[in-house]
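J.: The lines below spell out each chain.
There are 2 protein chains.
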Amino acid sequence: MDAPEQSFLREKSLAVEDQELAVGTLEDSHAAKPETDAAIQLPNKSKPDKSAVEKDREDFREAVVKTLDRLLFVHKSFDIYRGVAGLYDFGPHGRTVELNVLSLWRKCFVDEEDMMEVACTALTPEAVFNASGHVKNFTDLMVKDEVDGAFHRADHLVKSYCENRKKDPTISAENAAELDKVIAHVEDLSAEELGGVWNHCSSHEESTFSSSSPLQLDVSNFLWSKCYLRPETAQGSFCNFKDYYNLNGRKLPFAVAQVGRVFRNEISPRQGLLRTREFTLAEIEHFVHPEHKSHSKFSDVAKLEFLMFPREEQEKPGQFAKRLCLGEAVAKVRHVNSETLGYFIGRVYLFLIRLGIDKERLRFRHHLANEMAHYATDCWDAEIECSYGWIECVGIADRSDYDLRAHSEKSGHALVAQEKLAEPIEVEKLAITPEMKELGPAFKGNQKNVVEALEANLESKGEVEFYVCTLGKNVTIKKNMVSISKKMDKVSTWDFTPVVIEPSFGIGRIMYCLFEHCYSTRPSKAGDEQLIVFRFSPLVAPIKCKIFPLVKNQQFEEATKFISKELKSNGIKQDVDITGTSIGKRYARSDEIGVPFAITVDSETSVTIRERDSKDQVRVSLKEAASVVTSMAEEKMTWQDVWASFPLHSSAAADE
Amino acid sequence: MDAPEQSFLREKSLAVEDQELAVGTLEDSHAAKPETDAAIQLPNKSKPDKSAVEKDREDFREAVVKTLDRLLFVHKSFDIYRGVAGLYDFGPHGRTVELNVLSLWRKCFVDEEDMMEVACTALTPEAVFNASGHVKNFTDLMVKDEVDGAFHRADHLVKSYCENRKKDPTISAENAAELDKVIAHVEDLSAEELGGVWNHCSSHEESTFSSSSPLQLDVSNFLWSKCYLRPETAQGSFCNFKDYYNLNGRKLPFAVAQVGRVFRNEISPRQGLLRTREFTLAEIEHFVHPEHKSHSKFSDVAKLEFLMFPREEQEKPGQFAKRLCLGEAVAKVRHVNSETLGYFIGRVYLFLIRLGIDKERLRFRHHLANEMAHYATDCWDAEIECSYGWIECVGIADRSDYDLRAHSEKSGHALVAQEKLAEPIEVEKLAITPEMKELGPAFKGNQKNVVEALEANLESKGEVEFYVCTLGKNVTIKKNMVSISKKMDKVSTWDFTPVVIEPSFGIGRIMYCLFEHCYSTRPSKAGDEQLIVFRFSPLVAPIKCKIFPLVKNQQFEEATKFISKELKSNGIKQDVDITGTSIGKRYARSDEIGVPFAITVDSETSVTIRERDSKDQVRVSLKEAASVVTSMAEEKMTWQDVWASFPLHSSAAADE
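As they're listed, the protein sequences go chains F and E.
Going by the working numbering, 444 is the number at position 444 of the first sequence; the sequence numbering is gapless.
Going by the working numbering, 643 is the number at position 643 of the second sequence; the sequence numbering is gapless.
No lab work stands behind these hints, which were simulated from the structure alone.
Since we're looking at a predicted model, the values are computed, not measured.
Please note that the accuracy of each hint is not assured.
The list cannot tell twin chains apart, which means a pair is met if one copy fits it or any two copies do.
Derived pair list, reagent style SDA-like, types lysine to any residue, alpha-carbon separation capped at 25 Å [what the hints assert, rightly or not]: (1) K573 <-> L539; (2) K525 <-> T579; (3) K585 <-> D616; (4) K573 <-> W105; (5) K107 <-> D577; (6) K316 <-> A184; (7) K568 <-> S299; (8) K332 <-> L539; (9) K66 <-> N248; (10) K55 <-> S582.
Turn these sequences into a full structure, and let the hints guide you.
T.: Here it is in structure tokens:
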């Protein structure tokens with residue numbers, strides 16, 4: 001390979017790396033290639049002739065991120081030590097918004113759908129991720145640039161190499177076709193195969209890249225045993241399936257919900273809240289009979305209409321998501337492969353809209369066949385548009401019986417459900433009768449485990465050695481230790497592996513998009529500056545009500561205390577601002593953290609309540625103030641009701 | 001050392017290890033040696049002449065743990081893979097109890113005390129724990145037994161060795177005194193000093209122990225940089241102190257609360273929920289002026305009386321905790337060193353009692369001078385008695401200004417508060433005037449950081465090289481780059497480092513003790529078996545209300561749905577049990593998970609509501625049923641009120 005080509009490869013690989021910073025490694029996680037649009041947008045960034053739209057997007061994003069940082073919604077962790085890329089803390093307002101989002105999530109899913117909420121540990125023994133396929137499938141092959149020490153994904157480099165080779169006018173049609181083939185299939189290769197291809201490519205050049213070596217994700221070594229930090233909560237729910245099934249009275253379907261921190265060893269985390277190394281997932285594992293994927297409450301959501309982007313539309317050039325009726329989409333099986341999957345799409349839509357996500361910037365996109373994770377048979381993403389493009393925020397996947405089957409095989413515990421047969425049937429069964437007087441001395445108290453394992457190895461004859469996972473070692477069974485015979489058995493139930501429908505919510509991503517959708521500015525009264533307003537719904541707002549005594553005196557202080565105490569006892573998050581600054585400045589400070597209601601105490605007997613977005617005010621008696629705000633905060637009353645019941649208060653000076 | 005002594009050392013070390021399994025390594029964590037009583041009790045365990053009391057305790061514990069496991073309150077994680085010691089999952093009921101406990105915690109502390117709740121990451125860069133002293137102080141020196149591969153704490157082995165040596169009648173009085181000295185001070189030694197002592201001890205014998213080597217706790221190596229998993233949430237709150245202080249309008253005192261998962265590399269985790277490798281902490285960092293530790297609401301708790309165990313009482317033999325008045329204890333400064341610390345003791349007491357902890361089995365024990373963590377100047381533990389003895393569940397420590405000072409020094413960011421001086425004072429100050437035309441070319445855009453760092457290195461003369469943490473490298477400043485002069489400056493504020501009062505709640509431990517305190521049994525009606533009842537308060541109970549249609553028919557089904565829907569919309573966790581089993585069996589199943597209210601639908605117009613503990617029932621109209629249960633579940637109405645308002649329902653057959 002000649003020098004220009006080599007330098008092109010480096011340049012190109014850096015561009016790929018850049019792109020990855022913004023949208024790249026979600027393939028590492030359970031949902032693959034989510035931000036197609038963003039990925040298409042971002043390489044333009046480095047070009048000097050950036051479009052005006054692009055520039056506006058970036059300016060907007062910068063303004064939002066700066067505000068979130070300044071008001072401590074979200075900020076870099078351990079900043080005094082210069083931070084760590086990909087780690088973010090929630091400050092007081094951000095954490096309260098997170099708790100509000102999770103509280104609505106619990107209400108919409110756990111409570112309304114009678115799910116079991118559980119909490120498994122983040123530390124997970126290696127055996128679990130060996131069985132689940134994470135260790136094999138999410139070990140991206142990485143190569144290191146020995147010049148700058150940066151890591152690059154081998155598949156991206158191979159693609160770049162092939163695309164560049166194709167531009168050589170001297171190569172044969174055959175070679176070009178071969179290169180096309182590599183480009184098309186590079187993402188389907190195993191780490192081993194990819195390593196071979198990469199070694200072939202890199203042998204053609206004087207590369208500064210080291211030879212390929214796999215990079216382990218999510219690894220944490222503890223002294224006591226090899227543990228990983230979970231990249232998803234789901235595996236804990238799968239491992240405990242049998243217990244939950246029993247607790248549910250051995251009935252299907254049922255759902256297990258889990259909210260918790262997960263960890264991903266992102267190579268180049270950027271994009272603030274969108275790609276972090278530690279974040280909160282809220283996941284639902286809905287276990288269902290493989291042949292009964294209908295849903296009893298599907299009719300509740302069947303008539304919903306919203307933006308959907310089916311697979312075949314994506315395959316046509318120039319197509320966009322279209323407003324479709326969910327019921328009709330499910331009816332066409334190729335769009336949504338089961339009612340249960342469709343039901344969750346509907347519920348996810350309702351949840352996100354309720355939070356305050358703009359429904360014109362929310363779409364459900366069907367995964368293309370080659371972008372699904374290794375365990376999924378179908379997947380739709382709830383994508384929300386923000387300044388980064390369309391971002392995957394919720395993945396709704398049919399994980400099939402992949403995980404339960406994998407754990408059954410590797411653990412030796414059958415993670416199955418049972419079903420009564422319409423009529424009992426006779427089956428031939430091998431019966432193993434252990435010779436206890438032989439087994440006892442040979443296995444000293446562990447005979448039971450050995451016999452159980454043996455039953456799963458019926459083909460064995462004569463002396464056989466096999467691994468018993470419950471003992472953690474190999475054992476040898478000799479002929480004299482058991483007697484094997486055939487007998488007929490009447491069977492009235494059959495065991496089957498349930499399938500899993502999994503809606504998985506990236507809470508941090510949803511929050512970031514919500515922040516962008518709620519962010520707005522308006523000119524100050526004097527017109528000399530732009531004031532920030534987060535237009536949060538009362539449900540999401542970190543503080544529901546601010547109370548401002550207009551001036552400092554004992555009567556106003558007492559009135560303020562009275563309202564504050566009542567709101568507290570109603571469970572409404574409130575805050576008193578007694579600083580001496582002007583009421584206008586106090587309103588502005590309240591608006592920028594998105595407080596929907598502001599009470600100004602300007603008399604001993606009555607107060608004003610201000611609506612954040614219109615800045616209009618009503619006058620309400622001191623005694624009623626807290627209950628009016630409480631009703632609106634709990635969405636039992638709207639501003640329309642309040643406008644109709646209380647006199648408008650006009651004060652030219654109010655917003656000064 | 002002769003052979004018998006050697007074998008004694010091995011035996012003894014195993015006994016120590018055993019003891020550690022039960023109560024040992026909390027010294028690794030922020031609170032030291034908490035379970036003195038338990039530690040005293042447990043060595044007896046291995047003795048064959050166990051007392052009857054001991055035996056009862058163990059039987060009780062076994063019954064509780066078995067029940068928690070069977071009902072999936074708490075169970076071993078990844079059990080299908082034989083689990084990992086020290087990792088436990090919460091099943092549906094356990095997780096709901098945890099959420100209830102955390103919800104009350106937020107109400108009692110975050111909301112009532114206007115705290116800021118934040119969420120920092122669990123992944124923490126090494127620099128943070130270098131500064132905090134965790135890396136240095138919590139690196140227990142471990143030695144490995146090369147025979148069985150087990151790790152033992154070197155300080156325990158040294159102590160055993162010395163105690164055994166003393167029994168040798170031939171040793172001199174001088175030697176014996178020296179051994180006593182080692183025994184007394186072994187816990188105060190640094191890892192390095194201890195290593196020296198251990199090497200000296202072990203050189204006297206043919207040991208199977210390897211030479212000592214430090215064992216790192218909480219370590220997780222990521223590719224990108226060395227990170228630890230946090231063993232407490234506090235360090236994140238400390239690192240962000242300045243931001244929180246600014247957000248609070250630069251006023252003290254204020255408190256930062258954090259609930260999150262923490263990780264500890266326990267050597268030999270046992271004791272179920274009491275010593276785990278991953279668990280939930282709820283911590284409060286209350287930042288206060290070092291000279292103003294009084295508390296404006298102290299009078300709210302001053303009159304409380306409960307069991308306290310001051311330091312001097314513990315030092316007298318045979319003393320126990322005594323019922324003391326909190327206000328009086330605080331007045332005697334040597335008992336509780338500040339009103340703020342005392343205030344939190346009172347609030348912790350009220351919180352635990354409200355949860356349902358038996359107040360006769362709750363005491364506040366003052367730490368002895370030598371058992372406090374390296375950062376603490378005072379500490380009281382809320383200890384709850386359970387079958388393991390008195391267990392530390394909440395530590396209330398005065399961490400002084402240790403942490404903020406340490407992070408200021410190591411990070412170069414002054415984590416201080418400011419106070420106005422009564423009158424401005426003049427101070428002499430060195431003024432550094434940078435020569436920008438020299439600095440610019442030398443540091444290319446980083447001049448500002450360099451000058452800032454230089455100001456912290458005023459003594460420097462001529463050419464000086466120093467480390468600029470914001471650049472992450474050394475820089476060299478030459479004489480011509482700056483000019484230094486002296487000038488007088490008027491100063492009207494001074495900077496000081498706040499001190500931290502920290503109540504730290506081990507949520508899992510509180511829950512385990514609560515489970516033991518609420519566990520009870522009573523004979524079945526037939527008297528042939530003992531039925532389990534968890535006597536949870538409505539606040540804590542995982543399910544508030546069970547609904548039982550007496551028989552299967554459409555009318556009862558509709559009535560059941562009506563009540564279920566109403567309870568749901570009131571936010572009351574309920575569950576319908578439509579299994580065909582007898583009503584008595586359904587009551588028993590409801591009692592054993594601690595459901596306080598059971599509604600039986602035995603007519604179309606009215607239902608019965610059953611009180612779990614007395615098994616008494618009232619008859620209530622169908623329409624009122626949900627609201628009566630809601631009022632009681634929310635503690636707005638008591639059973640006394642209900643007994644007075646509704647007719648008692650007697651049914652001899654009810655509990656069959």
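J.: Could you work out which earlier hints the structure fails to respect and list their numbers in ascending sequence?
T.: Result: hints 8, 10 break, sorted rising.
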